[in-house]
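Participant: Here is how the chains run, residue by residue.
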Amino acid sequence: MAIVKNDSVIEQEWITVDAEGDLPASDENLIVPLARFKEERDSLLGRNGGLGVQLNPGDAPEDLADDLDRLSIITVNFPAYTDGRGYSYGRVLRERMGFTGELRAVGDVLRDQILYMHRCGFDAYDLKVEGEVALNKVRAALKEMSVYYQPTGDGRVTAQSLRERRRAALQ
Amino acid sequence: MYRYDDFDRQLVHERTEQFREQVKRRLAGDITEEQFRPLRLMNGVYLQLHAYMLRVAVPYGTLRADQLRQLGMIARVYDKGYGHFTTRQNIQYNWPKLDEIPDALLDLAKVEMHAIQTSGNCIRNTTTDQYAGAAADEIEDPRPYCELIRQWSTFHPEFTYLPRKFKIAVTGSPNDRAAVKVHDIGLRMHQNDAGETGFEVMVGGGLGRTPFVGKTIRDFIGKNDLFSYLEAILRVYNRFGRRDNKYKARIKILVHEEGIDKIRELVEEEWAQIKDGSLRVDDAEIAHYIEQFAPPAFEALFDDDADFERHKSENRRFANWVRSNVIEHKQSGYAIANVSLKPIGGIPGDATDTQMELVADLSEKYSFGDVRVTHEQNLVLPHVKKADLFAVWSELDKANLGTANLGYVTDIISCPGLDYCALATARSIPLSQRISERFGDLDRQHDIGELKIKISGCINACGHHHVGHIGILGLDKRGKEFYQITLGGDASQDASIGKIAGAGFSEAEVVDAIESLVTKYIDIRESGERFIDTYRRVGMDPFKEVLYGDR
Chain A
1 MAIVKNDSVI
11 EQEWITVDAE
21 GDLPASDENL
31 IVPLARFKEE
41 RDSLLGRNGG
51 LGVQLNPGDA
61 PEDLADDLDR
71 LSIITVNFPA
81 YTDGRGYSYG
91 RVLRERMGFT
101 GELRAVGDVL
111 RDQILYMHRC
121 GFDAYDLKVE
131 GEVALNKVRA
141 ALKEMSVYYQ
151 PTGDGRVTAQ
161 SLRERRRAAL
171 Q
Chain B
1001 MYRYDDFDRQ
1011 LVHERTEQFR
1021 EQVKRRLAGD
1031 ITEEQFRPLR
1041 LMNGVYLQLH
1051 AYMLRVAVPY
1061 GTLRADQLRQ
1071 LGMIARVYDK
1081 GYGHFTTRQN
1091 IQYNWPKLDE
1101 IPDALLDLAK
1111 VEMHAIQTSG
1121 NCIRNTTTDQ
1131 YAGAAADEIE
1141 DPRPYCELIR
1151 QWSTFHPEFT
1161 YLPRKFKIAV
1171 TGSPNDRAAV
1181 KVHDIGLRMH
1191 QNDAGETGFE
1201 VMVGGGLGRT
1211 PFVGKTIRDF
1221 IGKNDLFSYL
1231 EAILRVYNRF
1241 GRRDNKYKAR
1251 IKILVHEEGI
1261 DKIRELVEEE
1271 WAQIKDGSLR
1281 VDDAEIAHYI
1291 EQFAPPAFEA
1301 LFDDDADFER
1311 HKSENRRFAN
1321 WVRSNVIEHK
1331 QSGYAIANVS
1341 LKPIGGIPGD
1351 ATDTQMELVA
1361 DLSEKYSFGD
1371 VRVTHEQNLV
1381 LPHVKKADLF
1391 AVWSELDKAN
1401 LGTANLGYVT
1411 DIISCPGLDY
1421 CALATARSIP
1431 LSQRISERFG
1441 DLDRQHDIGE
1451 LKIKISGCIN
1461 ACGHHHVGHI
1471 GILGLDKRGK
1481 EFYQITLGGD
1491 ASQDASIGKI
1501 AGAGFSEAEV
1511 VDAIESLVTK
1521 YIDIRESGER
1531 FIDTYRRVGM
1541 DPFKEVLYGD
1551 R
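Residue numbers (the working numbering), protein chains in the order written: chain A, 1 to 171; chain B, 1001 to 1551.
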């Protein structure tokens, strides 16, 4: 059980509650599901601690449009690695809505999906293995491929733009 | 033809190494078959009834001579000396050993080939008209756009875990030879009122257990905007496609349940937000890809060739082959030569190592090193001088590749069926062989004319039975194979889904049933009518009557 972010293992500083669970003390950092956030928005925003929202498959990230700057973290739940909706949520949040806080993949997060998640804007991965093992998995996953065809918001240079640069240099 | 540059090569190389490590982990017992499954599937490795099967991608059905030769070598070294060309314009090897597959993939990588996009719930290998760049009726060569789609869709980070697999097909000709209307997305090139060439976009076509003809979501999308538009469709599908039931997860179900108007609204709304982004491809880049698919150095020739005409008049078998298998080329003095992988009584789509090597050699000598794979499971030499056709045919004929049956009743599409496939409910290959033998006489085939028989060994419809003029679906009834017949299917620009004629037939009865349908058609056809035309004119009843009488 380790969270990897920015090439290191980080502490779990957030308490995630479900739709009905009791809220922790007001100064604790709290993550609530989107549905609960929409219901209890005003009281949640009035708490002292940090606030985050969890998106589950089927949720619309667009529902957070007015509150993004109030959220320090958004977790996206992958209940099974085969459910790829979260990849679209990542790109919409980062590339369209401009979310700059932590975007954390939780749930069935496996080594072979981490590169794709990173390309879609995720910067933190909650893995079901211990610290060092988790860190090594993320490191290995992120350097397995070095050629990228698709432009996404991750800042990687695509094969196409490298080709264009090369052609320009030859002219 | 497109040649890989160092970026493309690097990507395939890294993928090959990645899979070698994964196989090592599996063979060492570090991961279970269950954990290995998604990894091998992302690399085209399936587990079939008797063995692993390796499916190799042939992007948009285009092969170079050296690539086809290598496919032959792989058949010999890693398999039992043959391969099977599929309705996806791919090739499958049925008997590779798991520990040798990484080496096979390395040998493929040497000729810029791989097994990427041949499995998994990703955007699959893009398919197109096998006559692209050669067809006389073509508006524009679709392959530059196919190559751009290939790159855009290879390891797309957002669309690798879609609700289900996703297939895109493109035609550059109004005469659709790529079955684009029965794909998740079908693209048809055409000109708009302003005289610009672009694409009609169709979505939600497909076969399987719930067949649909695709619906037009946009009449025209310009070339520069094609890729952002595709991304918009895929994003809508990824977000809203059903994931609760594997059999309702294809985009055709989303389109059917929500309606094309609702899906169009969602796609247009999405597209409006990304159309001016980094997926917009400018004219210079498109020109760069068009350049890579520039026509080969055709000679300026008269269209008629005296020797060609003389051979036709002297050799009836050659004349027959020209009649069925040779198609008009856009370049004067050239022709498109179809290489039938449907010898009478043979296994549809199978080719031996030496046959592949022969076709590779012939393509080098006579067709600018260019070979195509068709979704109807044949090969094509797309650019042959008419003056060379006799030499080409003579060589093909010696290797049992000169069968003159393109489009005829024995040019059968068949899935591997229960002889290989873990999903099949009935055998399809033996049935296709028996039908082929029954109708083997060439004069009779020619008299029957174009008649597309397509056989699937289960409801997943890999053999495209829904769009066969006569479709045959093999099912299992209490441990016995039986075969359901559909009539009136069509994969062309006039696409339609066949209708079930009635109760199924036993294995012993089904060939007679097919023959009775053909006999009926011959009896009632009007001049110039193909089977499908007659069916459309008279409907199901006359055919039902010969199948079932008063039953």
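Check each hint, because a few of them may be wrong.
[Unchecked claim] Reference excerpt, derived from the structure (chain A facing chain B, CB under 10 Å, subset only):
id : residue
1  : 13
2  : 14
3  : 145
4  : 150
5  : 167
6  : 169
Just so you know, these hints were derived from the structure itself, not from any lab.
Glycine included, C-beta positions come from ideal geometry on N, C-alpha and C.
Participant: Looking back at the hints listed earlier, which ones does the structure fail to meet?
Facilitator: Failing hints, ascending: 1, 2 and 6.
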